[in-house]
Structure formats: structure tokens, C-alpha cells
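Chemist: Add chains B and C to chain A, keeping to what the hints say.
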Amino acid sequence: MNNRNAGSVISRSINLLFGDENTARWETVKKIIRNPNSRIGLIMIGILILVGIFAPFIAPYDPYKLVLTESLEAPSLSHPFGTDLYGRDVMSRVIHGAWIAVKICVIGVGFAFIIGNLAGALSGYYEGWIDTIIMRIVDSIMAFPFLVLVIAIMAIFGPGLKNLYFAIAIVSWCQFARIVRSRYLSEKEENYVRAAEAVGFSDKRIIFGHLMPNSIAPTIVYASLDCALVILLAASLSFVGIGAQPPIPEWGAQIAEGRQLLQMGWWIATFPALGIMYTVIGFSLIGDGLRDMLEK
Amino acid sequence: MSLERYALRRFLEMIPVLFIVLIIVFLMLHFIPGDPAKNILGIMATPERLEQLRKSLGLNEPLHKQFYVFLSQLARGNLGTSIRYKAPITELIFSRLGVTLSLVFVSAVFCVIISLPLSLWATKHRGKFPDYMARISSLFVFSMPEFWTGLLFLNIFALGLGWFPIRGWGSGLLDNIYHLFLPSFILGLFLTALVTRTLRSDMIEVLQKEYIRTARTYGFSDRTIYLKYALKNALLPTITVLGLNLGWLLGSSVVIETVFSLPGIGAMLLDAVIVRDYPLIQGISLVFALAIMLNNYIVDIIYGLIDPRIYRS
Amino acid sequence: MMNLLEIKDLHTYFEGNGTIIKAVDGADLSIREREVIGLVGESGSGKTTIANSLLRILPETGRIVSGGIIFKGINIRELSEKEMQFKIRGNEISMIFQDPMVSLNPLFTVGEQITSVLKLHQDIGQKQAKTKAIDLFRKVRISDPEKRFDNYPHELSGGMIQRVTIAMAMSCGPSLIIADEPTTALDVTIANQILNEFEELIGEIGVSVLWITHDLGVIKRICDYVNVMYAGTLMEQGTVKTVFENPLHPYTFGLLRSNVIYYEPKSKIPTIMGELSEIPHQGCKFYPRCPIGDEDCLQESIELRKIDENHSIRCIKPEDAQRLSRSKNHGFQEVY
Chain A
1 MNNRNAGSVI
11 SRSINLLFGD
21 ENTARWETVK
31 KIIRNPNSRI
41 GLIMIGILIL
51 VGIFAPFIAP
61 YDPYKLVLTE
71 SLEAPSLSHP
81 FGTDLYGRDV
91 MSRVIHGAWI
101 AVKICVIGVG
111 FAFIIGNLAG
121 ALSGYYEGWI
131 DTIIMRIVDS
141 IMAFPFLVLV
151 IAIMAIFGPG
161 LKNLYFAIAI
171 VSWCQFARIV
181 RSRYLSEKEE
191 NYVRAAEAVG
201 FSDKRIIFGH
211 LMPNSIAPTI
221 VYASLDCALV
231 ILLAASLSFV
241 GIGAQPPIPE
251 WGAQIAEGRQ
261 LLQMGWWIAT
271 FPALGIMYTV
281 IGFSLIGDGL
291 RDMLEK
Chain B
1 MSLERYALRR
11 FLEMIPVLFI
21 VLIIVFLMLH
31 FIPGDPAKNI
41 LGIMATPERL
51 EQLRKSLGLN
61 EPLHKQFYVF
71 LSQLARGNLG
81 TSIRYKAPIT
91 ELIFSRLGVT
101 LSLVFVSAVF
111 CVIISLPLSL
121 WATKHRGKFP
131 DYMARISSLF
141 VFSMPEFWTG
151 LLFLNIFALG
161 LGWFPIRGWG
171 SGLLDNIYHL
181 FLPSFILGLF
191 LTALVTRTLR
201 SDMIEVLQKE
211 YIRTARTYGF
221 SDRTIYLKYA
231 LKNALLPTIT
241 VLGLNLGWLL
251 GSSVVIETVF
261 SLPGIGAMLL
271 DAVIVRDYPL
281 IQGISLVFAL
291 AIMLNNYIVD
301 IIYGLIDPRI
311 YRS
Chain C
1 MMNLLEIKDL
11 HTYFEGNGTI
21 IKAVDGADLS
31 IREREVIGLV
41 GESGSGKTTI
51 ANSLLRILPE
61 TGRIVSGGII
71 FKGINIRELS
81 EKEMQFKIRG
91 NEISMIFQDP
101 MVSLNPLFTV
111 GEQITSVLKL
121 HQDIGQKQAK
131 TKAIDLFRKV
141 RISDPEKRFD
151 NYPHELSGGM
161 IQRVTIAMAM
171 SCGPSLIIAD
181 EPTTALDVTI
191 ANQILNEFEE
201 LIGEIGVSVL
211 WITHDLGVIK
221 RICDYVNVMY
231 AGTLMEQGTV
241 KTVFENPLHP
251 YTFGLLRSNV
261 IYYEPKSKIP
271 TIMGELSEIP
281 HQGCKFYPRC
291 PIGDEDCLQE
301 SIELRKIDEN
311 HSIRCIKPED
321 AQRLSRSKNH
331 GFQEVY
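Protein chains in written order, with my numbering: chain A, 1 to 296; chain B, 1 to 313; chain C, 1 to 336.
For the record, the hints were derived by calculation from the structure and aren't laboratory data. Using N, Cα and C, we set each Cβ at its ideal position, and we do this for glycine too. Certain hints may be false.
Unchecked claim - List time: in silico BS3-like cross-link candidates among lysine-lysine, alpha-carbon distance up to 30 Å:
#1 C:306 / C:8
#2 B:228 / C:130
#3 C:132 / B:209
#4 C:82 / B:228
Said to hold, decoys possible - Some chain B residues near chain A, calculated using beta-carbon distances under 8 Å:
#5 16
#6 255
#7 289
This is chain A alone, in the form it adopts within the complex:
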């Protein structure tokens, strides 16, 4: 009871979310699987994650190796997605791109999720001046177009994938904070919170033990939608040259490389684009399915 370090909080949260003594949670999981939207979405993203993790084993060729003699080959049996200008196998690059996409979502949205949840929790629970300050900051950050602010951050700190994660997290946490805050504001009035307060539980315990598990659902919905947005965002940035730098096989960067070659080598830009579409559709379906479920 006195171990309030990060580790115990995380493990307790996971227990709360997935523990199988708690059949209510299992019911939720079953409902998620039953909904066609989320089911398809989860399968799609599951495949994506697997492809990403096992990319070095699945990809037939080295995505970075230049084989100038085989440049610009159309899709064939040996190169199902064709080769690009430098003879690199497009399919291998697309597969490795999947791993990058997964990293972007997990790191970028992951951090935004954590920061946003905490900020929203503080804001919603304590209200008063903490709320005012946090919300004003949120409003100010959200006053900038998502892309513009990320571009500005990349301009300041330099291009590259690492800074991209950072920029995404800085900008995305705001929406999470808003969702969590409004949820806390309404849940605070519920009886179970009043009961916990009356018994004398500490603020931390009420926030993490009671309010957070009940407020996490809408943030998870937004998290999956945010992943979809973030993939598009990262691709746009890499496309204009600010995001992932060549020769990293990020999908947007690949489309940029294939930009001039649409007539001669349509496959170079098209397959990465399909990868993006696949991922965005997957995340959107999960988000839609979860949202349908929440509203029942």
C-alpha cells in the first residue's frame, strides 16, 4: 500500500484493465471482439504489428541495399512490388515501413496518451487554477494547425524520426487532456467518487484507482483515431522532407521518392500509399467499433 512508484501503478492499471477475476472487463473484451468494426480493425492492426516486429525476417531483401543494375523493375515474381530507382526491393521497404509506422504510433501517441491522461486528470479533478493553466495551454497549442506546429518544432530541432516522435507527442496530448478532463468533471459527481472521498481515500488513490479506470475508455477510442491521424501526419512530413530522412523506408518518404516517377514507376509510390491506407483504415475501424460500443 505504500509503494506508489510508477511500476506498481502501471501493473495495477493493467490488472484493472485485463484481470480475469474481474468478469466485467472480460465482458467488455468480448463485446469488442463481437463488433465487426473493431474486430476487423484489430485483426488488421494485429497483422501490421506482427509484420513490423518480424520485418527483418519477413522481408526478402535488405531495404537499404542499392542494386543499381535492377533499378526500376516492374512488379514481378522476384520483386512483387517492383524495385525503385536504386534497385531496392519495394516490398521489403514497405514491410520495414510497417515497423516504423508501429513505432510512430506507439511512441508518439503513447507519450501523448500518458501525458494527456495525467494532465486531464489533474485538470478535471482539482479544477481551480491548475485547470485554468493547463486548459489555457491546451487551447493555445490547439490554436495552431497540427501540421504547422509540428513543422515548426521540426524546424527548431531539426528533421528526423526521433524529433518527429517528440513533436507528435507535444501536440497530441492536448486532445487527450480535453477528453479526460471533461470525463473527470462529470464522473466526479458520481456516487462512487463521493463514497471514496467520504471514506477518506487520498486524492491519488481516488484519481488512479477510481476515476482513471472509468475514464480511460473514451481516450482509447481517441487513441486509435489519433494513430490514424498521426500516420498520415508523419507521412506528410516525410513527404515534404522534414520527417524521416532518406534512406529510412518510411512510407511518406517512399512516396516522395516515387513522386517524379509516377509515369515510369508507379509502384514505387503506390505500394507505400496502400500501406498507409491499410493502417489508417485499421485504426479507424478500431476507433469506430470502440465508439459504437461505448454508446450502447
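Modeler: Then chains B and C, alone, in the frame of chain A:
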């Protein structure tokens, strides 16, 4: 509370946000790791040039003094000078603002023209084939990266079929619309995908409400119910979505302007990033933020006009 | 004298996901001019569905399968949708609903909503409609009618909104008003007030009323006739006096007997055992919960039998029912 007081209150609430926005923009220059001046000049850095740049940007002064200078210049409408173009940023922005605004405007028009009838049609036939088609195509359109669609359309319709100009801007209103058509169509398509999803589900929700049943009981035709009663109620959350997506639109303008070589401020921002023209980056970011704040304000007022429950209690 | 409304053997079913719900399965109703008819039953007995069938505003999954609905000599089922919209709904037959707070559109003023009804069915302009509307507001005892005209629903109390809906229902001079539990969602004092005023009004304008409720007290107070529904079928029908004094159908008897007002404080109140869900496929629907039923009750279909001039029941054991009602009275008749 009357509408005027509500408008005033919302305006006053914007002020602290504006202040923080200004701080953020101001700090952009100062967050640069290392020496900002060296960063800007890059390989062209000589000690004299560095000192000159620092002086012109006022980097030698203490921070709060710089902020004061920043604010007072802003109050006079001076956004600073572009390092690359060596011209006042305010002028630069205004000369190209028109392009971006027209892009945004025409995209919004496309969106309304397509999404309104599409949503109503999908609502009317909900659960059946047209509805599924509309929803699936929305999902597909939404998932395509705009720049790729832009490239595709550019290649097919401009380069390939020659129906539209490949790049740049025209002269005169009609010519400009001609140049704008393809890029705004693409942006409009994406907006449509977003808006149709919300509008359709909101319409369906509203149609279940009791007051719609009352209207049917009193003999109002389906057409009247859809267009007059249900739409007004469903439009509310949709306006929020549409209005608040201006941010997304402006962001996308950066990419689309690049693909189609339109001389708007989005493309200018990108150039500025590549050459590290920080004052210009600051200026454009600020203008974007102000545009969005203004837009949100207008959306709030429109919301109040439609739903009096917001301020009348 | 021809009946204003004659509903004969109505069957309305809902279809969804392969299952059929027989919301109304054999209902008969007749209303004459200037009559107030009560329609009573538990939730789920099909009362509202009858009203929706009459106005043909069933949801997409609902269908009138068979039965006759004759209003003023016109076959309602044969009218086109346009004729229903223009001539019948809101015009000849109007309806008022249970929860006033959600019955009106929150984005339009009450004045706008009532004038649009007036302008829809009558050939008048905005000015005339407004004058008429304010007159109607005055008639239903809305204070300060000119000011209220420009109010939005959320600015008015529940009772006030209900008056507005009553005004709206009366606005085009209907011959029949359907009241679907209009006082259930209101405070008791307000409900009383509105009930009184409503009684006066219908006397004044000479309209017939179909009052749907599960509250027997209200029926007793303002209705001339009563129809008792169970599981979509009409079980007993007659004048209020006859049915309340001498309930013959076991279900009616059970309903009346379980009404709280007839008992001393702290005494045990009898209930009807079982639930609405156990419905046999043929024969009497009430059989599973009936104290006097036997296998005969499960025969093909039970007809509505006339016991008296103004009293019919759907039961094959009226004598047993009578014995039951007389023997287990618990002072039932004295209180009445």
C-alpha cells in the same frame, strides 16, 4: 444572457490564450538548440555576420526585453523581416494569403456541395446499400494521404489528360479558379469524408428523438422533417466538426500547395523551414494561429445563433 | 348514430432480425362523438401501438397486418400518405404525449412550432396564425401568452409545455384527440390542474378523447368508457361504472384489486403473479397468470363476448370470474 454578452464573454476568454500563443511563437526562436544565429546562417557563418544577425534579431538583449520588443512590433503590425527574402514578413504573408484562403474557401464549398446531399441520402437509406457505399467510400477517402491523391490526380488529370494546369497560379478570377479546381477538389473530398461520417450519424440520432415523432404526428412531410427540423439539430455537432477542422485544412494546405506549386503561405512555410528562415516561420505560424482562433470564435457565435440553449438560461 | 372511430380486430406486428412481435393482436375500439374513452393496460400491452397504428406513424419495422380502422366513415388504411399528412394528422386527429420536455423541438420557439402546424393545415398567413396561437395559449390558461410565444421549450416548465402541446393538439379543430399518458411525467399537483382544465376544455369544444394510461384513477375520473388491454389484445370493455364496479375479466379484476388506493396503510397489497413474457401461442393470452384458467382456455381463439349492453369481455368463464370478484373482495366494493 443575450447573444451580444455571450459574444463579448467568449472574446474576453480568448485573450489569455492569445497571450500564450504569442509566447509560444516568440519562444520558437529561442528553443533552437545551440546558437540560433549560427543555426540560421549555417555554413555562411562568419563572426561578423553572426554578430550582425544577432543584432538585427535583437538576440543580445535579455529575454523579457526581447519579448517586449516583439509585442510592440506586433502591435504596429510588424512581423519582422524575412532573412531569405529580405522583405517585411507582413507584406510577404499578405501577398500570398489570398491564394491559401481561396484554396480553403473553395475546398469548403466542395465539401458542403458533396457532403450535404450525400449525408441526407445515406440517412434516408440507412442500413441499406447506398448507406454502406457512402460509409465505406468515406473511410477509403479518409485513409488516403492527400499528397498521394494530389499526385495521382495531378498525373491523371493534368499531366495525362491535360484538363487542368500542372502548376502555379493564374491571372484573373476565372483562371485562378481553374488552377484551384484540382487542389480544392482533393481537400474538399477529404473534408467530405470527415463531415459525412458525423453528419450521417447525427442525423440518424436526431431522427430517433421524440420531437421528430411529434412532427410526424402533426402531419409534416418527410421532406420538411428532414430539411427543416432534423437537419438543424444535426447540423450543430457537424458545424463544430467542420469549423474546428479549419486547422486541419490549413495544415493540409501546406502539403497541397507544395504538390500543386500554388504560391500560398503554406508552401512558403515549407520553404522557410528548409532555409531556416525562422522569423518567417514565426510569422506564418502566428498568422495561422490567429486565423484559427478567429474561426473558432465565429463558430461559437454561429453555434449560439442556432442553439439558444447555449447562452440563454 | 355512426361511430366517430371504429377499430375492428386490429393486428399490428413488428418485424426485426427474424422475430415477429405481435404488439397488437386483436384490439377493438369504438368511439362516438363527445366521448372520452380510456385505454388501460400495463407497459407493453400495445396501447401506444394502437394510437400509432391509427395515425399510421409506426416505425419502419411495424406493419398493420389486418383489421379495420374506420374514421368518420373513411377507411384509414386506404388513405395515401399525403392524405394522412394533410387531412388526418394534426388536423382531424391529434395526439399529446407523455414527456413534455422532449416532445418539442429545442431549437425552435413554441410559437413557431404551433404556427407552423396552423399554417400547414389551414390556409392562413403568419400574422393570422400568430393571433390564433396566442388565443389558444390563453384558452389553455398559459399566463402572458404573447411573451410565451417567443420562448424556447427549455425556458418553460413541464406543465407549461404540456399546455402548449394541448393547445397545439386543439389548434386545427380535431374531432379526436389521443392523449398518451400526458400526466404521467408531471408533478401530482400540476397533473391535477391540467386534468381539470383538460376536462373543461373538451367539454367546451366537444372533441372526443382517447385517453391512454396505466393509471386507473385517471380513467375513473374523466373517462366514460374503458378498454382493458393485455399483451396486445382487448380483454374487457365497458362503461367505467360497470367495469370498475363489476369487473368480469380476471385480469381487470387483478388490476383493480392491486390498486393502492383501495387499501389501508401497512396492509398487504395483492399483485398479479407472473410476467408479461409468458404468452401462449393460442387461446387466452392471460392464461399463465389467471387464477381460474384451465385447458379450455387454450383453444383456438377467444372471441369478445357481449355480457351486457355496455359490457364485453374476452373470457370463456365469465361466471367463474364473477364468483371470484364477489368472494375475494376485501372491502373492494365499499371503498369504491
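Chemist: So, for every hint listed, does it hold in this structure?
Modeler: Verification of the supplied hints:
no.	hint	in the structure
1	C:306 / C:8	15 Å, holds
2	B:228 / C:130	20 Å, holds
3	C:132 / B:209	28 Å, holds
4	C:82 / B:228	18 Å, holds
5	16	5 Å, holds
6	255	5 Å, holds
7	289	4 Å, holds
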